[in-house]
Structures are given as structure tokens and as C-alpha cells.
Amino acid sequence: MTKRQLTATAGLLLLAMLLTVLIGVFDARRRVIAAEGNDLRTGQSAWVTATVDELRRARGAFAPGTKVFVNLEDQVRAVAILSGRWTDVPLHDGHALTGRRGEALVGADVAVRGDDLVVDGTTYTVVGRLGARADSLLSDAVVLADPSQFSASPQRLLLDGPDSVRHYTAQFPGRSVEIIDDGTNRRTNVDAVSPVLVTLGALVVTLIAVVAGLQAGRWELRTAAVRFTTGIRPLTTLCSATTRVSVVSAAACATAFVGAAAARHTTFLDLDVAVAVVAVGTVTLAVSVASFWQGSRRWNC
Numbered sequence: 001m002t003k004r005q006l007t008a009t010a011g012l013l014l015l016a017m018l019l020t021v022l023i024g025v026f027d028a029r030r031r032v033i034a035a036e037g038n039d040l041r042t043g044q045s046a047w048v049t050a051t052v053d054e055l056r057r058a059r060g061a062f063a064p065g066t067k068v069f070v071n072l073e074d075q076v077r078a079v080a081i082l083s084g085r086w087t088d089v090p091l092h093d094g095h096a097l098t099g100r101r102g103e104a105l106v107g108a109d110v111a112v113r114g115d116d117l118v119v120d121g122t123t124y125t126v127v128g129r130l131g132a133r134a135d136s137l138l139s140d141a142v143v144l145a146d147p148s149q150f151s152a153s154p155q156r157l158l159l160d161g162p163d164s165v166r167h168y169t170a171q172f173p174g175r176s177v178e179i180i181d182d183g184t185n186r187r188t189n190v191d192a193v194s195p196v197l198v199t200l201g202a203l204v205v206t207l208i209a210v211v212a213g214l215q216a217g218r219w220e221l222r223t224a225a226v227r228f229t230t231g232i233r234p235l236t237t238l239c240s241a242t243t244r245v246s247v248v249s250a251a252a253c254a255t256a257f258v259g260a261a262a263a264r265h266t267t268f269l270d271l272d273v274a275v276a277v278v279a280v281g282t283v284t285l286a287v288s289v290a291s292f293w294q295g296s297r298r299w300n301c
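For the sequence shown, position 119 matches number 119 in the numbering used here, and the numbering has no gaps at all.
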């Protein structure tokens with residue numbers, strides 16, 4: 001590739017990576033707003049009767065992000081994270097629960113003493129403030145990370161997480177499950193339109209990656225045709241072309257990771273776009289190699 005062609009390929013890849021990061025930020029923000037509107041639920045939740053110890057013993061069957069709540073009093077609840085981390089919690093200050101006992105998340109209107117909150121004589125360390133903004137639906141809410149708040153006897157618990165109902169019924173067949181219907185509470189923008197926008201954005205990113213790969217393969221093929229006439233083997237030329245496209249893809253991926261890190265440090269979003277970024281770079285590289293290989297088959301070896 002010439003310098004101009006290399007610049008064009010890099011520009012297309014950088015555009016794809018920028019869109020990937022922006023889509024990740026948009027989707028993470030959407031999940032946070034949805035969780036705030038659903039009182040910290042993800043929309044895949046149900047009331048079950050069980051003990052937290054039973055659920056913990058079966059934690060391997062639940063998807064990452066699954067958690068269980070128990071109501072203690074008005075606006076106060078305890079949480080136990082069964083699998084992974086709680087990443088979609090809306091916060092405007094501090095950070096999410098780390099999993100250590102004795103931590104708490106509180107709304108902006110909850111009075112605390114320094115970083116301490118006292119509930120029924122027990123002191124908890126406030127690590128984060130609930131709500132995307134201080135003035136939010138969660139301004140009076142309190143969430144405690146304290147397993148001792150759960151009863152040793154079966155009690156009514158709110159199970160929440162990806163496919164939580166299906167995983168629960170598979171582990172505890174025959175037990176009653178009260179699925180929470182969010183049908184009348186769905187907000188058009190967050191719950192219906194936003195996923196469509198994310199899907200369309202992902203398709204645009206994929207298209208850009210494919211176009212970048214096709215162009216890179218075609219441009220490398222032109223140079224390789226000249227190299228082939230000088231006696232250089234097609235396989236050697238293919239390795240050389242793949243290396244150049246790999247370097248460009250790796251540089252674009254690194255740039256996207258830097259952008260994602262900046263977004264994490266400037267917002268309260270738990271942004272993870274690593275899989276999407278690597279996928280974009282891989283698609284570009286694979287398409288360029290396939291394009292190059294398909295074009296080189298006509299050479300008389």
C-alpha cells in the first residue's frame with residue numbers, strides 16, 4: 001500500500017473504532033438509565049422464595065451480573081451478588097460495590113456521617129451515591145452489602161439478572177416463581193428504540209470494517225502482483241501484506257482502548273468494549289487476507 005492508501009485504511013479503521021466506543025458508551029448509559037427507572041432491576045427479574053445460601057451454592061448456574069435483593073424496610077434493602085459484578089448500577093459519585101461486606105450505596109437525600117451510614121446499630125461504609133444525577137428516583141434508596149441481613153430460613157427474595165428465571169427454574173424445579181412484568185412500564189426510548197439504534201450502529205461498524213479489509217486486500221494485491229513478477233513467492237507476499245494490515249489494525253485497537261479508558265475515567269459508566277474492538281480489528285484483517293488470497297489465485301504459480 002502507498003502512504004495515501006495506508007492513511008485511508010487507517011482512517012476507516014479509526015472511524016470504526018470510534019463508533020464502537022461511542023456505541024458502547026451509549027449502551028452502557030442506556031442500561032444505567034433503565035436500571036434507575038426500574039428501581040435497580042434489569043427487567044429480567046422475579047420474586048422467589050429461597051435462602052441466599054441455596055442461591056450461592058448454585059451461583060455457577062447463573063449468568064454474570066446476577067444478584068439477589070431482600071427488602072429490610074422502606075427504601076432499604078440488602079444485596080448479594082451471585083455471579084460476576086454489578087456493573088449496571090446508576091451512580092453519580094463514588095463507585096460500585098466491590099463485594100466486601102459492610103459497604104453501602106445510598107441516594108443523595110440519605111444522611112450520612114462522613115462516609116459512614118448506621119442502620120440498626122451497624123455501621124456501613126458508603127462507597128457510592130445512587131442515581132445518574134443527585135436528583136433522581138433513587139435519592140432515598142439504600143443498598144447494603146451485608147449477607148447477615150438475609151435470613152437462614154426461606155424468604156421472599158428478588159432475583160435479578162440475565163435469564164435469571166430460566167436459570168433458577170433449572171436449578172430449583174417445581175418451586176414457585178413470580179415473574180415481574182414490566183410490560184406497562186417500558187419506556188419507548190430506553191427499552192425499545194435504543195436497542196435498535198445499537199444494532200444499527202453495530203451493523204455500520206461491521207460494514208466499515210469489511211470495506212476497510214476489502215480495500216486493504218485490493219491495494220496490497222496490486223503491489224503483490226508486481227512483486228510476483230520479480231520472482232517473490234505469493235505466500236511470502238501474503239505474509240508481508242498481512243503484517244502491514246495487522247499493524248494498522250493493532251494501532252486502531254490500541255487507540256480504541258485508550259478512548260474507552262478515557263470514557264471510564266470521565267464518567268461513572270462501567271464500559272467494556274474489548275470484545276467489540278478486537279472483533280472489528282479481526283474482521284478487517286480476515287477480510288483483507290481473504291480478498292488478497294482470492295485475488296492471488298489467478299496468478300500462474
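If you are wondering where the hints come from, they were derived from the structure by calculation, not from laboratory data.
The beta-carbon is built from N, C-alpha and C at its ideal position, and this holds for glycine as well.
Just to be clear, a hint being listed does not mean it is correct.
Stated by the list, open to error - Quick list of the computed label-pair ranges, beta carbon to beta carbon: (1) L214 / H265: 33 to 41 Å; (2) P147 / V198: 31 to 39 Å; (3) T98 / S176: 14 to 22 Å; (4) W47 / V258: 38 to 46 Å; (5) P162 / Q294: 17 to 25 Å; (6) V247 / G60: 21 to 29 Å.
Evaluated hints:
Range check, L214 to H265: Cβ separation about 36 Å, and the 33 to 41 Å hint holds. A beta carbon spacing of about 35 Å between P147 and V198 agrees with the range 31 to 39 Å that was offered as a hint. At about 33 Å, the beta-carbon gap between T98 and S176 misses the expected band of 14 to 22 Å. Distance hint check: the CB atoms of W47 and V258 are about 44 Å apart, consistent with the given range 38 to 46 Å.
Judged by the Cβ atoms, the range 17 to 25 Å given for P162 and Q294 is violated: they are separated by roughly 40 Å. Look at V247 against G60: about 41 Å separates their beta carbons, and that is not inside 21 to 29 Å.
Figure legend: structure checked against the earlier numbered hints; hints not met, in rising order: 3, 5 and 6.
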